[in-house]
Amino acid sequence: MPTPPAERSALNQAGVSVHDMRAVDEHGIAPLLRAFLARVSDEDGLLHSLDVDFLDPSIAPAVGTTVPGGATFREAHLVMEMLSDSGLVSSLDLVELNPFLDERGRTATPMVDLTASLMGRRIMDRPTRSHSGSF
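Numbering (the numbering used here), first residue to last: 2 to 136.
No lab work stands behind these hints: they were computed from the structure.
Don't take each hint at face value.
Said to hold, decoys possible - Label-pair ranges, simulated between beta-carbon atoms:
{"hint": "1", "residue 1": "Leu89", "residue 2": "Gly16", "range": "18 to 26 Å"}
{"hint": "2", "residue 1": "Phe101", "residue 2": "Ala39", "range": "24 to 32 Å"}
{"hint": "3", "residue 1": "Val113", "residue 2": "Ala7", "range": "22 to 30 Å"}
{"hint": "4", "residue 1": "Leu12", "residue 2": "Phe101", "range": "25 to 33 Å"}
{"hint": "5", "residue 1": "Arg122", "residue 2": "Leu12", "range": "29 to 37 Å"}
{"hint": "6", "residue 1": "Ala24", "residue 2": "Gly65", "range": "19 to 27 Å"}
{"hint": "7", "residue 1": "Asn99", "residue 2": "Asp45", "range": "30 to 38 Å"}
{"hint": "8", "residue 1": "Leu12", "residue 2": "Pro32", "range": "16 to 24 Å"}
The C-beta atom is built at its ideal place from N, Cα and C for all residues, glycine as well.
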């Protein structure tokens with residue numbers, strides 16, 4: 002969804018750097034986030050707003066406005082791990098989940114996993130189902 006002209010103008014006037022999905026596609030999310038973290042490394046902390054509708058609707062369908070072409074779960078997980086590693090995040094805001102649209106926790110579950118990654122849990126720490134030999 003394109004950024005409205007008035008919002009784009011306000012962002013430019015405020016000196017806010019914006020990286021859209023094209024930048025993520027061209028450069029990857031890690032270098033963009035590394036540059037951001039370097040810019041803010043001397044600050045007292047960051048409020049991270051996990052706006053779940055930035056994820057692709059195939060991953061997070063229970064939001065007010067779905068927009069195809071959003072971030073993958075792997076990209077989002079990498080962001081959370083990098084933010085965790087930075088030690089800069091002092092608060093977290095979880096937004097845009099509509100629980101009335103969330104069938105069987107399909108959107109809430111990735112939000113919980115991403116939040117756990119921000120809090121320091123790594124993929125290798127995830128419990129796995131043991132194979133009992135029967136299905």
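Results for each hint:
1. At roughly 20 Å, the beta-carbon separation of Leu89 and Gly16 lies within the given 18 to 26 Å, and the hint holds.
2. Our hint of 24 to 32 Å for Phe101 and Ala39 is violated, since their Cβ atoms are close to 40 Å apart.
3. Val113 and Ala7 have their C-beta atoms about 35 Å apart, which leaves the hinted 22 to 30 Å range violated.
4. Taken as a hint, the range 25 to 33 Å holds for the pair Leu12 and Phe101, whose Cβ atoms sit roughly 32 Å apart.
5. A C-beta distance of roughly 33 Å is found between Arg122 and Leu12, which places it inside the suggested range of 29 to 37 Å.
6. A hinted range of 19 to 27 Å holds for the C-beta pair Ala24 and Gly65, which are about 25 Å apart.
7. Between Asn99 and Asp45 the CB atoms are about 33 Å apart, so this pair conforms to the stated range of 30 to 38 Å.
8. Between Leu12 and Pro32 the C-beta distance comes to about 21 Å, which sits within the given range of 16 to 24 Å.
When held up to the earlier numbered hints, the structure conflicts with 2 and 3 and fits the remainder.
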